[in-house]
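Dock chain B against the given chain A, drawing on the hints supplied.
Heads up: the sequence lines are chains A and B, in that order.
Just so we're aligned, residue 1 is where the first sequence starts under my numbering, counting upward by one.
Just so we're aligned, residue 1 is where the second sequence starts under my numbering, counting upward by one.
Honestly, I wouldn't trust all of these hints.
[What the hints assert, rightly or not] Listed next, the in silico EDC-like pairs over lysine to aspartate or glutamate satisfying Cα-Cα at most 20 Å (straight line):
(1) 95(B) with 230(A)
(2) 154(A) with 143(B)
(3) 154(A) with 149(B)
(4) 39(B) with 291(A)
(5) 41(B) with 291(A)
(6) 102(B) with 176(A)
(7) 39(B) with 176(A)
(8) 66(B) with 176(A)
(9) 39(B) with 3(B)
(10) 39(B) with 140(A)
(11) 154(A) with 170(B)
(12) 41(B) with 176(A)
(13) 154(A) with 151(B)
(14) 122(B) with 140(A)
(15) 359(A) with 65(B)
(16) 334(A) with 292(A)
(17) 334(A) with 38(B)
(18) 95(B) with 231(A)
(19) 66(B) with 254(A)
(20) 37(B) with 231(A)
(21) 122(B) with 139(A)
These aren't lab readings, by the way, just hints derived from the structure by calculation.
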Amino acid sequence: MSILSIPGLILFFLVIPGICGFVLTDLLHIYEDNRIRRLGLNLVAGNLLMWAAFEAAAVPMIFLRQDFRYVILLWLLILAAIVIIFVSVRKKAPFLRFARRNAGHVGLLRDKGALFLLMLLFVIVGFQCAVYLFGMHLDEDDSRFIAHAVYTWKTNRMLTENPATGELNLRNWGGDYLKDAVSPWMIFIAMAARLTAMHPTVLAHSILPVILLIFGYVIYCLIGMELFGEDRRKAILFCLIVAFLQLFFAGSTDTQSEFALLRIWQGKAVAAGVGIPMILYCFIYLYRHTDEERAFWLLLLTDWASCLLSGMGIILAASMIGICSIWYGFAFRKWKMIWKVPVVMLPSAFYGGLYYLCKIGRIVL
Amino acid sequence: MTEAWRQVLNMVRESFAGNGFLVLWVVSLLYLFFAEKEKRKILVYPAILLGVLIFNPILYRYVWDKLFGYAYWRAFWMVPVLPVIAAAVVSLVGKMRGRIPKAAVIAAVLVISALTGTFIYKDRFVRAQNRYKLPQASVDVADALLALDKEPRATVDGSLFCYIRQYSPDIHLMYGRDAWGYIDIIGQGTYSVYQQMILPQPDLDYVRSCMLEWNYDYLVMLPSQAPGYRQEDAEGYDSSFYSAALKGAGFEYLETVDGYLLCKVIPEQTKA
Chain A
1 MSILSIPGLI LFFLVIPGIC GFVLTDLLHI YEDNRIRRLG LNLVAGNLLM WAAFEAAAVP
61 MIFLRQDFRY VILLWLLILA AIVIIFVSVR KKAPFLRFAR RNAGHVGLLR DKGALFLLML
121 LFVIVGFQCA VYLFGMHLDE DDSRFIAHAV YTWKTNRMLT ENPATGELNL RNWGGDYLKD
181 AVSPWMIFIA MAARLTAMHP TVLAHSILPV ILLIFGYVIY CLIGMELFGE DRRKAILFCL
241 IVAFLQLFFA GSTDTQSEFA LLRIWQGKAV AAGVGIPMIL YCFIYLYRHT DEERAFWLLL
301 LTDWASCLLS GMGIILAASM IGICSIWYGF AFRKWKMIWK VPVVMLPSAF YGGLYYLCKI
361 GRIVL
Chain B
1 MTEAWRQVLN MVRESFAGNG FLVLWVVSLL YLFFAEKEKR KILVYPAILL GVLIFNPILY
61 RYVWDKLFGY AYWRAFWMVP VLPVIAAAVV SLVGKMRGRI PKAAVIAAVL VISALTGTFI
121 YKDRFVRAQN RYKLPQASVD VADALLALDK EPRATVDGSL FCYIRQYSPD IHLMYGRDAW
181 GYIDIIGQGT YSVYQQMILP QPDLDYVRSC MLEWNYDYLV MLPSQAPGYR QEDAEGYDSS
241 FYSAALKGAG FEYLETVDGY LLCKVIPEQT KA
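Okay, chain A solo, but in the shape it has when bound (with noise of 0.2 Å):
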C-alpha cells in the first residue's frame, strides 16, 4: 500500500458508495427525515449496488472468457449510466445534503448515556478492526479465493488458471471453478486492488475487513433504530450487546461470528457478517412499516448483492427471503407481497439456475 491508494481507498470505499446510496434513498424516499438512519442506509445500499452491479457485469464477462479490464470498464459505465439517469431525471446531485437549520442539531453530543455507550461500541468494534488490522489469520480457503483474485489482478485473465498451482485450464469447468464463476466475490476484489493501486492479498486481509466489518456494524446499528424506535441509547445498546456477544459466540468454526470476525474477506463470510443481517433489516424495517415498495427494492438489491459472494450467498439470500415473505404474508395479511417474493428471488433463481444448468452439462462453456 502507497500513499497513492489512499485516494483510490476514499474514492471506491466512500464515494463511489455513497453516490450510489444516495441515488437509491433518493429513488425510495427512505428516511427522508432521519440523517443519521439515512447515512447508514446509503453507505450499505451504495455497496449493495456497486456488489450487484459488479455482478451483472462480471458474470457474462466470465462466461465469454473477457479480459477482466473490460469488467471494470463495464462496471463504472453501468454505475455512471445510473447516476447519470439518476441526475438527468431528478435534477439534483447525488450528494446528502442537510438543511441549515438542523446543522447544529445533534442530539446525540446531548445525551451523555448515548454517547458513553456509543465510546463503548467503538472500543469494542475499534479492538475487533485492530485485530484486524494488526493480527494475521490463516485460512486456507484463500488458497482459492486470494489467488484468484492476485492472478486475475495481474494478468487481467478470469477463472483460466487453477489459482492452486497456476497451470491453465480452459477445459469445462468443473467443482469450485463453477461457483466462482457465478459468484465472482474474487474478481471484485482484484477490481478494488486495481482501482486502489494495491496488493489484493494486502488489500483482501487489512483494509477489506475492516470495510466489511463496519458496514455489518452499521446494519445492526439500523436493526437497532428499526427495534427500539428513537431510543438512541437502547439502538447503540443492542449494537453493543451484538458486538460483545460476536467476540464469544465461538467454539466450532462454523458459527456466523467465526465467519464474521475471522475471515470477513471471503464472500460466503461477507454472506454472515453483512448480507444476512442486511436481509433481517429489510424484513424488520418492512414489519416496522409494512412499507413493501422500499422493502421490496432493498431486498431485490440484496438478493442481487449475495449473488456475488458465494454459492452459499444464493442459497442463504433466497431461503431467507422467502421463509420470511411467507410469514409476513400470513402474519400481515399482506397476501400481495407472496406474489412479489418471485420477483425478489429472482437474481438467486437466474444465477443459481445458471450454475445448476452448468453443472449438469445443458450449458457447456
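Below, chain B without anything else, positioned relative to chain A:
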C-alpha cells in the same frame, strides 16, 4: 427420519459447541414472547419460524441437505441468534429503573455469555509477520524462487503451497490445495508426487523424474527429508551435507530459506 433427526441434532450440537448461545437464544425468545408484545410479530415469530424450519429433520432430508450438502450448518446463520439475545437484554434493561440494576443486568448477561462462550480470537490470530498477512517463510521462499526465475515452476512443501500464490501468481506449483481434494481434481501422477513429499524420507528419484517430465525446476523441502538425514546428527549438518546429499538424488542444493531447502533439479545428462 430417525437418521435425519440424528444428523440435525449432531450438526446443531457441533455448531453450537463451546458456547451456550442456543440456550440463551431460547431463553431470550421466551422472555421477548411474554414481555414484548410489540416485538412478537417483528422479531420473535420470524425467529421461531426460521428456527423451526431450519432445525427441521423433514426439511433437512428433502430441502436443506440437497441445497447445502455438507455445509447444512451454514443454514443456521439465518437464525437470528445474536439479535434476539441482544433485543431481549435491551428490552429487559429498558423495563428497569436505576442505573445500577441496569448495569448489573447488562454485566451479568455479558459475563454469562463470556463464561459459556469461547473467546473467538483464542489461538486463531497471531501478530502479522508482513503486510500480506502470510507466513514469512512463504514470502521469503517465493522471493527466493522469483530471484532465480521470472516464472519459476516448483514443487513445494505442504506447509507453503496454500500461501505462495497469494503472494505471487508468477510461481507455478506442481500441486497446491488441490492435493487435499479442493478446488480442482488433481491428476493421479501429481498426487503420487504429493504423497511422496509428505513422507519423512520421500523417494526423490521418483519426484525428480516426475519434475523433469512435467518441466518443474525447483524443489522446496524440509531439511529432514534430505537423503541420509538423521535427527540425532542434525545439529552438525551444514550446506555441504545438504549439497552432497541432494546431489546424490539428482538435485542441486541452492540455499536454505527460513528452514526450507531450496534446490534445483539437475537435468539427466549431468546427474552425479
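Check each numbered hint against the structure and report the violated ones by number, ascending.
Those not satisfied are hints 6, 7, 9, 10, 12.
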